[in-house]
Structures are given as C-alpha cells and as structure tokens.
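Trainee: All chains, full assembly: derive it from the sequences and hints.
All residue numbers for the sequence shown refer to our numbering, where the first residue is 1 and numbers rise by one.
Please note that a few of the clues may not be correct.
[Said to hold, decoys possible] EDC-like, lysine to aspartate or glutamate: derived pairs with alpha carbons at most 20 Å apart:
| id | residue 1 | residue 2 |
| --- | --- | --- |
| 1 | Lys34 | Glu58 |
| 2 | Lys85 | Asp31 |
| 3 | Lys99 | Glu56 |
| 4 | Lys47 | Asp88 |
| 5 | Lys85 | Glu70 |
| 6 | Lys69 | Glu58 |
Think of the hints as simulated: they come from the structure by calculation, not from any bench.
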Amino acid sequence: MIGEEKLAIGDKKSVIGEEKLAIDDKKSAIDMIKSAIEQQKYNEPSKVNILKVYHEIEKNQIFGTKEIKEILDCSPSTARAVMTKLRDMKVINGKGKGKYVFIG
Numbered sequence: 001m002i003g004e005e006k007l008a009i010g011d012k013k014s015v016i017g018e019e020k021l022a023i024d025d026k027k028s029a030i031d032m033i034k035s036a037i038e039q040q041k042y043n044e045p046s047k048v049n050i051l052k053v054y055h056e057i058e059k060n061q062i063f064g065t066k067e068i069k070e071i072l073d074c075s076p077s078t079a080r081a082v083m084t085k086l087r088d089m090k091v092i093n094g095k096g097k098g099k100y101v102f103i104g
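Mentor: Structural data, given as structure tokens:
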C-alpha cells in the first residue's frame, strides 16, 4: 500500500513537472513573438492583431489566412497583411501552399 501511494505521488509530481515545462515553453514562445514584434516598426493595431492570432492558434496547429480572417473578423486583405508580417518576423514555418505553423 505505501509503495503504491509513493508511486501515485511520483506520478503526480511527474505530471506537475510536465505542466511546468509546458508553461515555460509557452512563456518562452510568447516572449519570442513579443521580441520579434518589437523589432519591427508595426503600428499598434498590427501588433495587437499579431498577438491575438498567436493566442488563438494552438501550438502545432496549421493555419492560413482563412483562420486569421476568422480570428480577427477582418477582410481578406487584412488577414494577408498579418500573414505577411508573421512571415517577415520569421515566427512561422510553411507547411504547404498557404499553410503555416508557429515556431516554438
């Protein structure tokens, strides 16, 4: 019984450790995005839109201008402009024609 309790506690510690790593990964990824944005000369609405897209898209989720358009409730040209900025900042990788995934 005591051995089983120790295993259960060890499992819980392992899960908590994994959650902390995931949170740290998310923090470093958001720091990377914020740093990339600050290095650009984008206006405030553009910065807000980029961060909003980043927060809405899941890690490893493939997305394109269609998803950006839905997230921002904007025109196709605005969605394309945001996508161009993401590419220029080098925070996304291509995953096929017009499809991308965030780095990190």
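Trainee: Hint by hint, note whether the structure agrees.
Mentor: A quick look at each hint next to the structure:
About 17 Å separates the Cα atoms of lysine 34 and glutamate 58, which keeps this hinted pair within 20 Å; it holds. Proximity of lysine 85 to aspartate 31 is assessed by CA-CA distance (about 17 Å); at most 20 Å being required, the pair is judged to hold. With a CA separation close to 16 Å, the supplied pair lysine 99 and glutamate 56 stays within the 20 Å bound. Taking the CA atoms of lysine 47 and aspartate 88, the gap is near 13 Å; set against the 20 Å cutoff, the hint holds.
For the proposed pair lysine 85 and glutamate 70, the alpha carbon gap of about 17 Å is at most 20 Å, so the pair holds. Simply put, lysine 69 and glutamate 58 have alpha-carbon atoms about 16 Å apart, close enough for the 20 Å limit, and the pair holds.
The structure agrees with every numbered hint stated previously.
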